[in-house]
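Just so you know, the sequences run in chain order G and L.
When you line the first sequence up against the working numbering, it's residues 243 to 607, in that order.
When you line the second sequence up against the working numbering, it's residues 969 to 1253, in that order.
Hints are not guaranteed to be accurate.
[To be verified] Partial selection, computed: residues in chain G whose CB lies under 7 Å from chain L: (1) Gly323; (2) Leu324; (3) Asn328; (4) Pro331; (5) Asn333; (6) Thr334; (7) Phe336; (8) Ser338; (9) Arg358; (10) Met427; (11) Gln428; (12) Ala475; (13) Tyr477.
Think of the hints as simulated: they come from the structure by calculation, not from any bench.
Remember, it's a predicted structure, so these values are computed and weren't measured experimentally.
Heads up, the beta-carbon is just placed ideally off N, CA and C, and yes, glycines get one too.
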Amino acid sequence: MDATTNGQHPAVELTGVSKRFGDRSGTEVTAVDDVDLTIGDGEFYSLLGPSGCGKTTTLRMIAGLELPTAGSIRIHGEEMGLRPPNKRPVNTVFQSYALFPHMSVAKNVGFGLEMRRVPQSERKALIDWAIELVEMGSMAHRKPTQLSGGQQQRVALARALVNRPEVLLLDEPLGALDLKLRHQMQVELKNLQREVGITFVYVTHDQEEAVTMSDRIAVMHDGRLLQVDTPEAIYERPTTRFVADFIGKTNFLEATVAGADEVVLANGDRLRLPSEHASGSAVAVTVRPERLTVHRRGEAPADRHTVDGRVETVTYLGNAVVYGVGVDWMHLEVRCPATLAGDRRDVGDDVTVSFEPQHAAVVTG
Amino acid sequence: MSKGVAKSTAEPQGFSRWLLRGHSLGVFVFFYAPIVVLCIFSFNDSNAVGNWNGFTLGWYEALFDNDNIQSSIWVSVKVCVFSTVIAVVLGTAGALALERFRWWGQKAFDAVLYLPIIIPDVTMAVMMLVFFNEAAGWLDWIPGIDLQDGLEKLVLSHVAFNISFVSVVVRARLANLDASMEEAAADLYANRWQAFRRVTLPQIMPGVIGGALLAVTISLDDVVVSSFVSAVGGTPLSVFVFGMLRKGVSPLVNSVSVVMLAASMALVLASLVISRASGSEREER
């Protein structure tokens, strides 16, 4: 790695960070509520959550564009305190790109270098490097208004990366692009991050985007950090109902904790599932639709958990079939790979739905 | 279907077409005929304003021989330049403060700032007169300010109303400017001054220039406030011309007006040339 690496300290460290906005009428809104997080060096770290969850405010506090009401923000061990944005070793890619319309692409990219008084002789090479990095070499003399949204996005990226920041902050940078371009940029961003080895903190409300690119995801809701984990862990082992629901489709089976490794479903069935919740507390068991299998009633293998029900809807999707199965106290969605043979259940069939224990997670009610 | 001619359906045909042409002609005549008449009669070799009596440059000669007019032109120019520069700086700062920050008393300040646009000139003039009478003793303590000389009073009172006009124009421009642009500048290591100088100012420049031109025009134009606060011997041109008219209309007024007209047109042309030039310079960068 390079000079940005500092083995002793994490790239970004937030301790007890809160942000409250007061409004004129005297009511206070808590945008970020006592957040602790640690972002490792060279990590692609996503802050994921619905709009208004505090993810952008958290990012802006790291950038210095907002000051926290409480708590401490450290970058490579250095306390940021009241330091203004221009004195922080981070750069930001803004949601609106915020390119300077009166300057050419090259001037935009060189702005940070100019402000830091990097000698003219070095500046040229750095600007060229950054513009080439985002494959905008042929456009260096254009004005931002002469560029498409995707091209502007690349320039915004180059303008930040040219400064070799210790941490790059990205605020929903792909939000304004169309779907196809967004998918392409997701791959490119991830490759770019590997190439330059800079820590990325990425704010998004798009769970697919976060899952595709991130090393770790922090899910936020109502100003709080709900869960921080790898994309796989977030998807497979969510700890709260909100996280399970926000990341992809899922089923919830209402349940009560019966012991350290047993829960009782609403219909009285007992499942052996470990959970950290106190005995008697209301929880839900969540299983993804693709982890469920339908069998003819009673034909499920004995080592799987089972729930009996009746097929209510069948939806053919080409590569998959989605069954809506009515269990006596709720409704389950089952997604099976479509097979050529006619091993298909029909509406009204009595079935058993099964899943492997390790594919279920216990979440807070 | 009629064939061939691909004409816009929105383009009027027949009678209404001639009516519209006549209308626009009428508007132009209404606007410009008085100016043309004024220019022609400024070369009229007659003491009466209304009768054409042959060509002369006499009135322009009289204009340049008249020391009173000369000095009042100088007063106007000085007041105009100083008050515009001060009003542009303060008005732009005010616009920035109102548009970019939230602070205690902002709403009140907002309302008060635009008061000079709303209140009648006469009220403003009386206010200024009373203020200077009361404040003269106090302001005389400040070195370099001598309120006995009318020039400072004129500049201060013109600044007082021009700030409003400048800040209205600049603020309209600022409101359309993405605030994250300044944040981006700060994020890219610019301090507040650099962010303003390199990012904000170039983008609000058309508004600042527009506000300045407005201030220049209003300052040159102003009769009411100026006639209340100007001292004897230090009257600006507008007040002087108004005074001339009261003594009876002399064709000298025509030549004075033509000079003023030419000056203001030169000003507008100059600002156009400057904005073109800076525009193409920016293209090159």
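For each hint, the structure was consulted:
1. Below 7 Å, beta-carbon pairs count as interface contacts, and Gly323(G) has none with chain L, the closest being about 16 Å; its hint is therefore violated.
2. Hint status for Leu324(G) relative to chain L: violated, with the closest Cβ pair at about 14 Å, above 7 Å.
3. Residue-level restraint check for Asn328(G) holds (minimum Cβ-Cβ distance to chain L is 5 Å; threshold 7 Å).
4. Nearest Cβ of chain L to the Cβ of Pro331(G): about 10 Å, over the 7 Å cut. The hint is violated.
5. For Asn333(G), the suggested interface contact is upheld, since its CB lies about 6 Å from the closest CB of chain L, less than 7 Å.
6. Using the Cβ-Cβ criterion of 7 Å, the hint placing Thr334(G) at the interface with chain L is satisfied: the shortest such distance is roughly 5 Å.
7. Taken as an interface hint, Phe336(G) checks out: its beta carbon lies about 5 Å from the nearest beta carbon of chain L, inside 7 Å.
8. Of the supplied interface hints, the one on Ser338(G) holds, with its beta-carbon coming within about 5 Å of a beta-carbon of chain L, less than 7 Å.
9. The beta carbon of Arg358(G) is positioned within 7 Å of a beta carbon in chain L (closest approach about 5 Å), and the interface hint is therefore held.
10. Here the hint on Met427(G) is broken, as its CB sits about 20 Å from the closest CB of chain L, past 7 Å.
11. At its closest, the beta carbon of Gln428(G) sits 23 Å from a beta carbon of chain L; the interface hint therefore is violated under the 7 Å criterion.
12. For Ala475(G), the suggested interface contact is broken, since its CB lies about 32 Å from the closest CB of chain L, more than 7 Å.
13. The interface hint given for Tyr477(G) is violated, since its Cβ lies 33 Å from the closest Cβ of chain L, which is over the 7 Å cut-off.
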